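Protein chains: 2
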Amino acid sequence: MTDLPFTFTLPMPEVIPSNYDNHIERRLSDLRGQCLDQEAYAAMLAQENSLVYEVYEIKRPEIAGEILMGVSIVHPGKVGREFYMTKGHFHTVINTAELYYCLRGEGFMVMETPEGDTDVQPLSSGRVLYVPPRWAHRSVCTSRQEDLVTFFAYPANAGHDYGTIEQLGFRKLVVDGSRGPEIIDNPRYQEQAAREP
Amino acid sequence: MTDLPFTFTLPMPEVIPSNYDNHIERRLSDLRGQCLDQEAYAAMLAQENSLVYEVYEIKRPEIAGEILMGVSIVHPGKVGREFYMTKGHFHTVINTAELYYCLRGEGFMVMETPEGDTDVQPLSSGRVLYVPPRWAHRSVCTSRQEDLVTFFAYPANAGHDYGTIEQLGFRKLVVDGSRGPEIIDNPRYQEQAAREP
Chain A
15 MTDLPFTFTL
25 PMPEVIPSNY
35 DNHIERRLSD
45 LRGQCLDQEA
55 YAAMLAQENS
65 LVYEVYEIKR
75 PEIAGEILMG
85 VSIVHPGKVG
95 REFYMTKGHF
105 HTVINTAELY
115 YCLRGEGFMV
125 METPEGDTDV
135 QPLSSGRVLY
145 VPPRWAHRSV
155 CTSRQEDLVT
165 FFAYPANAGH
175 DYGTIEQLGF
185 RKLVVDGSRG
195 PEIIDNPRYQ
205 EQAAREP
Chain B
15 MTDLPFTFTL
25 PMPEVIPSNY
35 DNHIERRLSD
45 LRGQCLDQEA
55 YAAMLAQENS
65 LVYEVYEIKR
75 PEIAGEILMG
85 VSIVHPGKVG
95 REFYMTKGHF
105 HTVINTAELY
115 YCLRGEGFMV
125 METPEGDTDV
135 QPLSSGRVLY
145 VPPRWAHRSV
155 CTSRQEDLVT
165 FFAYPANAGH
175 DYGTIEQLGF
185 RKLVVDGSRG
195 PEIIDNPRYQ
205 EQAAREP
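Respectively, the protein sequence lines represent chains A and B.
Residue 15 is where the first sequence starts when you use my numbering, and the numbers rise one by one after that.
Residue 15 is where the second sequence starts when you use my numbering, and the numbers rise one by one after that.
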């Protein structure tokens, strides 16, 4: 990490940054409890703990005024009918936004607020998505062959709250339907909510 | 301006965003006092107040946690030996960074801190530049035919201080040399400094 200006390239079609500080690999086991079809999940995991997505991060001081950047790569695949996706998270400092610039692939960003507003936006090459403050976000790859690759940036003091989503799930899911990707209500989210007093 | 998530495309090769809130045009007259060759500047301006660069901005609340984004297009051209460039600025909230993702073209980002550190980084398609907090920045198009196009993003509370650069200039300039672009010390900056007590 330097205090000087720095550059890196996002070489197409590889899109792995020429310089990065951290490479995160998330596998099926990291999505434990998150998938719609828990039987399909258990059967797949018993076979192989497959790579679902990867993140390349550029390190900066995690303070307001700095910006954290990186590249997210969600691989094609499904657990039952549900497309491969990231864990998804709120920002710990909830009043912080995030932008995504889609470099390659096809998919969706699934989003929701603590108050229960939901939104699902399509992602494709050349499309910029602004996730306003307060919106949890999860990216989903719906291509059968191609990675969903996004460049992301957010205020460096944002932090990650994965716990809320791990506990409740997202209200909406993206599954493979008879005519392509379908956005459905998450029945497991409703079950969870129904358990509350 | 919406509170909901939103997307827009940066369609190649046009690179003008599909949605934007503000289109800024900066012409020769906006660079008054900034160019190395003041005679060439006056002669050009007498002929035509040419378009030097354009910015397409996406509006957001100008508060910490939000991110401002847009596209900057610096056209090819020169004033004397000096390549077309943006006015350049510090951020008013000086501890705020900015990122640039070069979509097309060739050029440089000229940068300096209030303490006199300088840096000049090349820009070309696919290259991401991180301008850390405290660094003033100006983009320069060095192609003879092609626009320098960058996607930029910065903390929405940053603000713009153009006045410091208008008064002092940048310490470094990019001019057309015998073997391509050359980075030189700005003699007009030194003159200005010499006028101080």
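Hints listed in this document are in silico derivations from the structure and should not be mistaken for laboratory results.
Fair warning: there could be bad hints in the mix.
Copies of the same chain look alike in the list, so a pair counts if it works inside one copy or between any two.
What the hints assert, rightly or not - Capping the alpha-carbon separation at 20 Å, the derived lysine to any residue pairs in SDA-like fashion look like this:
1) Lys73 x Phe166
2) Lys92 x Leu59
3) Lys186 x Thr21
4) Lys92 x Ala57
5) Lys101 x Glu180
6) Lys186 x Leu18
7) Lys73 x Gln52
8) Lys186 x Ala78
9) Lys101 x Glu80
10) Lys186 x Phe20
Quick caveat: nothing in here was measured; it's all calculated off a predicted structure.
Going through the hints against the structure:
1. Lys73 x Phe166: Classified as both: same-chain Cα gap 13 Å, cross-chain 19 Å, threshold 20 Å.
2. Lys92 x Leu59: within (12 Å within a copy, 61 Å between copies)
3. Lys186 x Thr21: For Lys186 and Thr21, the Cα distance is within 20 Å only across copies (19 Å; inside one copy 37 Å).
4. Lys92 x Ala57: Cα proximity of Lys92 and Ala57: one copy only (12 Å, versus 65 Å across).
5. Lys101 x Glu180: within (8 Å within a copy, 48 Å between copies)
6. Lys186 x Leu18: Result: close only across copies, 16 Å inter versus 42 Å intra.
7. Lys73 x Gln52: neither (35 Å within a copy, 43 Å between copies)
8. Lys186 x Ala78: So Lys186 and Ala78 fail the 20 Å test inside a copy (31 Å) and across (29 Å) alike.
9. Lys101 x Glu80: neither (24 Å within a copy, 23 Å between copies)
10. Lys186 x Phe20: between (39 Å within a copy, 17 Å between copies)
Going down the numbered hints, you'll see the structure goes against 7, 8, 9, while the others check out.
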